[in-house]
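J.: Generate the whole structure from the sequences, applying the supplied hints.
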Amino acid sequence: MKYDFKKMEPKWQKKWEDAGLFSAEDFSSKPKFYGLVEFPYPSGAGMHVGHIKAYSSVEVISRKRRMQGYNVLFPIGFDAFGLPTENYAIKTNTHPRYITDVNIKKFSDQLRSVGFSFDWNRVIDTSSDDYYKWTQWIFLKLFEHGLVFRDKTLVNYCPHCKVVLSNEDSQGGKCDICHSDVIQLPKDVWYLRITEYADKLLSGLETVEYPENIKQQQINWIGKSTGAFVDFTIDGTDEKLEIYTTRCDTLYGVTFMVMAPEHPLIDKYADRISNMDAIRAYREECAKKTEFERTQLVKDKTGLKIEGLSAVNPVNGKTIPIFIADYVMMGYGTGAIMAVPAHDQRDWEFAHKFGIDIIQVIEGGDIEKEAYTGDGKMINSDFLNAYSNKKDSIEAMLAWLQEKGIGRAGIQFKMKDWAFNRQRYWGEPIPLIHCPKCGVVAVPYEELPLRLPDVKDFEPGEDGKSPLARIDSFVNCTCPKCGAAAKRETDTMPQWAGSSWYFLRYTDAHNDKEFASMDKLKYWMPVDWYNGGMEHVTRHLIYSRFWHQFLYDIGLVNTPEPYAKRTAQGMILGSDGEKMSKSRGNVVDPLDIVNLYGADTLRVYVMFMGDYGSAAPWNDSSVKGCRRFLDRVAGLTDLIGEQESTPALETMLHKTIKKVSEDIEAQKFNTAIAALMTLLNEIYKNGSIAKGELITFLKLLSPFAPHLTEEIYEQLGGEGFLTVSEWPAYDEAKTVDATIEVGVQVNGKVRAAVTIPVGCDKDTALRIARENERVASFLEGKKLVKEIYVPGKILNFVVK
RNA sequence: GCCGGCGUGUCGGAAUGGCAGACGAGGCAGACUCAAAAUCUGCUGUCCGAGAGGGCGUGUGGGUUCGAGUCCCACCGCCGGCACCA
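Numbering of the first sequence is given in this note's numbering, commencing with residue 691 and proceeding in unit increments.
The hints are simulated quantities; they were obtained by calculation from the structure and are not laboratory data.
A couple of the hints might just be wrong.
Unchecked claim - With a Cα cut of at most 25 Å, we get these calculated SDA-like pairs of lysine to any residue:
hint	residue 1	residue 2
1	Lys-1358	Pro-1216
2	Lys-1345	Thr-1361
3	Lys-781	Asp-791
4	Lys-1203	Phe-717
5	Lys-697	Ser-803
6	Lys-1155	Ile-867
T.: Written out as structure tokens, the structure reads:
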């Protein structure tokens, strides 16, 4: 058969869609399978080969599941709000709505041309008002339950994008969107209290099937630590100076304290402090440093003693000095620490620089040279001297502190609350109202959606306010509570809002009464298999788990976790082994491949190019190799013979069914395709194949190369669609050959291979092996010590 | 510094503790062709050997085992994440 992919690919895409093969059926009695991929951000650049790889895994699994008789939900949508579109709109002076619509159309056409089996009836666009109505609705639920709060603190701010960023959006001190340095600014910010869910986000990980590295990254990001809060006092006052420590066992080794420069107690006792001017100067110096300078460059500790203020150690009543230093962060713990220079390297360095006493309380190491952070017997520590390891000492000290009422067990998280407002136009308006009498008031649910007003000018304001602040008709409103003149919040939600619940909407995409009905959620949730990128592990994947857990707690969804199983694809690199980028000129456009070799070739190649989870460079020659494979598949129609094929081929077919079936489940797509290639080579060697066996082969290949296989199936006069035909079953008995070749080792070295009947006993196998000339020559004149026979694997003679 | 992952031909990569290098690419040789492309056939880890054959080979060094790419210990290198987190 001639392989005319340009004709057959659009033909089948249309036929499948017309026949509704990929439309998921709510409440079907078949078992359900919900496969999910991260919906694309519809950028003007169009689809990237990375999208193809990211979607292909769940695509293949979804197609296999349909053939296995499942009712499959494999949806797609568009994560359409966001800064890049807005920046492009500003640059080109076009409306982001228009650009978004154009890009969504473009993306949809491109996705269709690859033949992905998405259910196009459930497409969602996070920037359409019938979608973001529910994003706002969920936000109001969060507000109603006290998980939204406003605070003036130091926040991450991108001067280039003119926008406040969350911690997740500024990892490594760089803006997630433009990669410029993020600075710290004091600002009023709306936060979502994600830290409230820190423990649930951790414990939930134990119930889901995520790869270990994803779990570890989330655990790291959440950063739980267990320790104790201890009250020191400010000398000469009743003021408590609370600290957080993981090492309360070292309390007798405390020789000074350090507060973060911004600590509020400094201002409270400013009149007692004799060097307040110097402290103010130090604060300003710290504020000027970028996050990078503060954490990376400055290994040399800076700081300043607070003159006129000292602290009292509650365990021994000793008076100790207090310093301020920027190695202590206001945003973690209490913003103040007890310093134990003998057993903490940072404190040790600080003590050395400022000439502070060092008291060793754990035996071991050489504290002249560096802090000793190992375990050992307690010394110089009063009652604690009875203990000789960290765990016991901590326990004993904690009990003592609790009894005296000066300390208590506590936990801390590195994760910060989610800074949730953006000073930009292209996002969901935050449905809150500032009333001069009532304070912050929610927009009533029945007034949703709070529509994004149409404007001409999307430039962010120089005053740090969003463009919405310039629209009086939007800003001015009446308070829903008291009717007084009030003003709307003018910031919008971050990019991540819409994607935090989109997987719920797919279950009931057109519902205008609820974000999704409980019946449909109960039928479809949880997502059975979710594939996406590693870059979202500490962003979208955390955020969406948080929203979902919240919705579960208030009884609006039926599962505690949204995703039963998560996987991640490896990046496709340029052919030079570097990350694809326009500036390097190594970008591959998937549509070029579709036009040149066909969608099936593209699909087979991205799945065959290497281990699915690892990064691999693009290779044009290998793409051609995949095309060659499909050409040879098309050629199989010339090999159809009437007779039954050989037993050897039949065995191989059953082995291949087994291997392809298992490998797809294990995401080993490359070896699944390799097995199909091997079988194909064998069929060509054999010279003919029975029609029924060819159809089995086509079914196995169908999830990878659906167009070509469907076309051949039609030509063979197959009934219905191959795409939804039954997945082949294998007969375990037929996966084993009648005879098998096993290696024969002498002293662990392979010396020969012999053919033995399958399932033969040890004696027979050994006899056949000994009869082999080469084996015999190695055994000759040696004393046999041991004979090992592992059926189907190996024979080993141990001789002396 | 902490956490996770990975080191196998020229390249992408295969190998439930059992014949290392499947499959694909690349390379070399041949067939077809006026020629090229496409296609087809054979060879292709490395060293010694004319050959038969043999030695050595999965980052390094040890160990367990009849047998180790795979398990254990120590080390080296690379990638990713977190990071003055108290």
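J.: If a hint holds in the structure, say so; if it does not, say that too.
T.: The hints, checked one at a time:
For the hint linking Lys-1358 to Pro-1216, the alpha-carbon distance of about 24 Å falls within 25 Å, and the restraint holds. With a C-alpha separation of about 13 Å, the suggested pairing of Lys-1345 with Thr-1361 holds against the 25 Å cut-off. Restraint check for Lys-781 and Asp-791: satisfied, since their Cα atoms lie roughly 17 Å apart, inside the 25 Å limit. Between Lys-1203 and Phe-717 the CA atoms are separated by roughly 19 Å; this keeps the pair inside 25 Å, and the hint holds.
Under the criterion of a C-alpha separation no larger than 25 Å, the hint pairing Lys-697 with Ser-803 is consistent with the structure, at around 12 Å. Taken as a hint, the Lys-1155 and Ile-867 pair is honoured in the structure, with Cα atoms around 19 Å apart against an allowance of 25 Å.
This entry satisfies every hint, going by the numbered hints stated previously.
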